[in-house]
Amino acid sequence: MLSILMARLRQGHRTASYPRLPPVLPERFRGRPVLDPDACAAGCRECDGVCPTGALVAGRGRLTLDLGRCLFCGECARRCTRGAIRFTRDHQLAARRREDLTLDGKEVRLAAALDEKSRRLFGRSLKLRQVSAGGCNACESDCNVLNTLVFDLGRFGIQFVASPRHADGLVVTGPVSRNMEMALKKTYDAVPSPKIVVAVGACSISGGIYGGHPEQCDGVAGIVPVDVFIPGCPPHPYTILDGLLQALGRVSAARDS
Amino acid sequence: MTSILQWAVARNGTPLARSDIPLLDGETFRDSIVDAVADDGKVAALFGHRTEGDASVDLYAVLACRDAAVLRVARTRVNGTGFPSLTPRCTQVHLFEREIAEGFDLIPEGHPWLKPVRFLRTGSSAPLIGVTNYYRVEGEEVHEVAVGPVHAGVIEPGHFRFQCHGEQVFHLEISLGYQHRGVERAIVSGLPLRAIHYMETLAGDTTIGHATAYCQALEGLCGCAVPARAQILRGIALELERLANHTGDLGALAGDVGFLPTASYCGRLRGDFLNMTAILCGNRFGRGLIRPGGVGYDLDAKSVSDLRDRLALALRDVGNAVQLLWNSPSVMSRFSETGRVSLETCRQLGMVGPAARASGMEADVRQDFPSGIFRFAQIPVSTGAEGDVFERAHIRWMEIQRSGEFILEQLKMLAEGSIRVDPASVAGDSLVVSLVEAWRGAVCHVGLTDSAGRWSAYKVVDPSFFNWTGLAMALRNQQISDFPLCNKSFNLSYCGHDL
Chain Z
1 MLSILMARLR QGHRTASYPR LPPVLPERFR GRPVLDPDAC AAGCRECDGV CPTGALVAGR
61 GRLTLDLGRC LFCGECARRC TRGAIRFTRD HQLAARRRED LTLDGKEVRL AAALDEKSRR
121 LFGRSLKLRQ VSAGGCNACE SDCNVLNTLV FDLGRFGIQF VASPRHADGL VVTGPVSRNM
181 EMALKKTYDA VPSPKIVVAV GACSISGGIY GGHPEQCDGV AGIVPVDVFI PGCPPHPYTI
241 LDGLLQALGR VSAARDS
Chain F
1 MTSILQWAVA RNGTPLARSD IPLLDGETFR DSIVDAVADD GKVAALFGHR TEGDASVDLY
61 AVLACRDAAV LRVARTRVNG TGFPSLTPRC TQVHLFEREI AEGFDLIPEG HPWLKPVRFL
121 RTGSSAPLIG VTNYYRVEGE EVHEVAVGPV HAGVIEPGHF RFQCHGEQVF HLEISLGYQH
181 RGVERAIVSG LPLRAIHYME TLAGDTTIGH ATAYCQALEG LCGCAVPARA QILRGIALEL
241 ERLANHTGDL GALAGDVGFL PTASYCGRLR GDFLNMTAIL CGNRFGRGLI RPGGVGYDLD
301 AKSVSDLRDR LALALRDVGN AVQLLWNSPS VMSRFSETGR VSLETCRQLG MVGPAARASG
361 MEADVRQDFP SGIFRFAQIP VSTGAEGDVF ERAHIRWMEI QRSGEFILEQ LKMLAEGSIR
421 VDPASVAGDS LVVSLVEAWR GAVCHVGLTD SAGRWSAYKV VDPSFFNWTG LAMALRNQQI
481 SDFPLCNKSF NLSYCGHDL
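Protein sequence lines, in the order shown, are assigned to chains Z and F.
Under this note's numbering, residues 1 to 257 are what the first sequence spells out, in order.
Under this note's numbering, residues 1 to 499 are what the second sequence spells out, in order.
These are computed hints drawn from the structure, not numbers from a lab.
Worth double-checking, as some hints may not be accurate.
[To be verified] Listed next, with one range per pair, are the computed distances between beta-carbon atoms:
id	chain 1	residue 1	chain 2	residue 2	range
1	Z	Val-24	F	Met-332	47 to 57 Å
2	Z	Gly-54	F	Gln-168	22 to 32 Å
3	Z	Gly-54	F	Asp-105	26 to 36 Å
4	F	Ser-305	Z	Leu-9	20 to 30 Å
5	Z	Gln-159	F	Glu-167	46 to 56 Å
6	Z	Met-6	F	Ser-336	17 to 27 Å
[To be verified] Derived list of chain F stretches under chain Z, where covered just means 3 residues or more per stretch with a C-beta under 8 Å from a C-beta of chain Z:
id	region
7	202-213
8	262-272
9	317-324
[Said to hold, decoys possible] Rough simulated footprint, nothing fancy, chain F against chain Z, three-plus residues with beta-carbon under 8 Å:
id	region
10	5-12
11	19-29
12	69-81
13	112-123
14	170-181
15	211-217
16	222-231
Cβ atoms here follow ideal geometry from the backbone N, Cα and C, with glycine treated the same way.
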């Protein structure tokens, strides 16, 4: 017993000060990309064909990047010598609408909060059922890690629960393999309404690296309606947490306090 | 024993010309596999490849012969609709033969449990996922428990069928395939640009293991020498991956027996190890680090010392958290003698990694078929004897200490020089076997190129492929309530199995 108490003392207090303070991210972290189409030279083909998922579209005076497909591998930024594409260390990536994930070098549309009614229902207590549908266990791990004492998801009133019957919504990862399509639909149906669906990771938004494979469904939105999109491959745990808190309208409120 | 001498000899990551791979008649092929396995060999891979013109299927086998420290490769040709199953004589090929049956519409005649592996929708049949003829124990008060595909935790999908008598489990059958994404097919026929990303997501928690196996295969075919500095950085990343996962599993095991101190400390410490990988490449799982010809990121002097400091601290805290487990009688009584797998069962099933070593099998690719930095720096192999949950947990702890020492040692003497070379063109008409000891066990990749140097077949064998059946065996005569504990002591990959 004494050794357990001694260990407790030694292990210390480890819960992060987020969201009061910004998260600590690694120096090489690749977060939200920033595009500068004006830096592109006519006829430049440096980033042509380097994107493994076709997230980056360049040419004819246009430069767009679909965060829903992006693996954040950074290959495009590495090839571009003109500084038209660079990855910042901003972890905030979530959006409420699929089309808001396409960057074009102009304004950035961060995730807006859910509507008033949903916020009143879920704002202080959100129970989520996680469904992995072809996910590689990286997105799943980074959802799971939110339960550790570092992130301490429970203090936000958010909890992963065992049964869809106890849940207010689903967190779905993976491109939705054909073999998981029915299970996902059934799980969704088992969640009582009103409910929300959060798609975590490039696979769940667009199929990601598996996009176009006949063995999968190119993401969740074709199977069940999605309310929050959280890009990344996998998204950093802070990106996921931020997406959930943005949707509940709680990030800014927490930061002000 | 003579027939094995007809097989071509290969080394880890060194290609063979396809013309050097002997074409054996079916009987010689099967007999020599049985002989080699009896002699402590292991079937590392067995897969089909449709010959040109689609007339027949060639079955390739890769044997890992530890005593001779060589890999042996041979093939046999199957004409017609089937071939005599080898499974009744050699259990460890059971899943390989089911896989061949599913992928090539061939019947391994006499296979004792011929069922779909991934419920592929190609081929002549379109089976419904999870619908198959499960084993059933009949009798008074015998009942069946079905779990999954969607489980109670944040975990990948799979289906489990328990045949129970009260609390006691007579038999567990595991039916997977839910995570099938068509990776092997896509490596051959998809966009070459995506290949490395497929490897990084084959099993997301084994990003470094699979990506290294792939790069090693490719570099072997290109004849390119990876710079020493890159080899060391790969080794460091591989061991960091092991540290993160082993630590996380020890925490989860503690959680499964309701011992919360270690559960919460190890949950945090796992993240600390992942964050160390992110120092290397910006991503906690090592995405972007392992690239053909070397590594994608270098480590500067400041990061080296940062990494060393963080690692020393984390290792100290892991030691502190883990010792609590061994010193708590309530934990030890739950871990000990739960979910035992005998050495004999391990051998029969061809089990790999910590799960096999916990039963006393001294197999470790880093020692048996070393590549990269492991040719120069040996990590002692950790083994146990009892094969129960305690041993599977304890092996993790031993490996944590040894991997920690290894990384600290390597950081002290990081070779100078470049981190990446350009791989030259890929040798055509070749076969390459690439083995890496990832945290769950041996990852085996086998690549076959056509005359133009493109992949004509690419076989991936994740350690989970062998070990899932080991988990099923561990549950025999256990209480069903011990399933989560046994399951976590293996912590196998669903997507690595389903591909």
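The hints, checked one at a time:
1. Z/Val-24 with F/Met-332: 47 to 57 Å: 37 Å, violated
2. Z/Gly-54 with F/Gln-168: 22 to 32 Å: 54 Å, violated
3. Z/Gly-54 with F/Asp-105: 26 to 36 Å: 34 Å, holds
4. F/Ser-305 with Z/Leu-9: 20 to 30 Å: About 28 Å separates the Cβ atoms of F/Ser-305 and Z/Leu-9, which means 20 to 30 Å holds.
5. Z/Gln-159 with F/Glu-167: 46 to 56 Å: 29 Å, violated
6. Z/Met-6 with F/Ser-336: 17 to 27 Å: 25 Å, holds
7. 202-213: holds (count 5)
8. 262-272: holds (count 6)
9. 317-324: holds (count 5)
10. 5-12: holds (count 4)
11. 19-29: Answer holds; 4 residues pass the 8 Å Cβ test.
12. 69-81: Check passed, 4 qualifying residues.
13. 112-123: Contact hint for the region 112-123 of chain Z vs chain F: violated, 0 residues under 8 Å.
14. 170-181: Our answer is that it holds, as 6 residues pass the Cβ test (under 8 Å) against chain F, meeting three.
15. 211-217: It holds, with 4 qualifying residues against the three required.
16. 222-231: Answer violated; 0 residues pass the 8 Å Cβ test.
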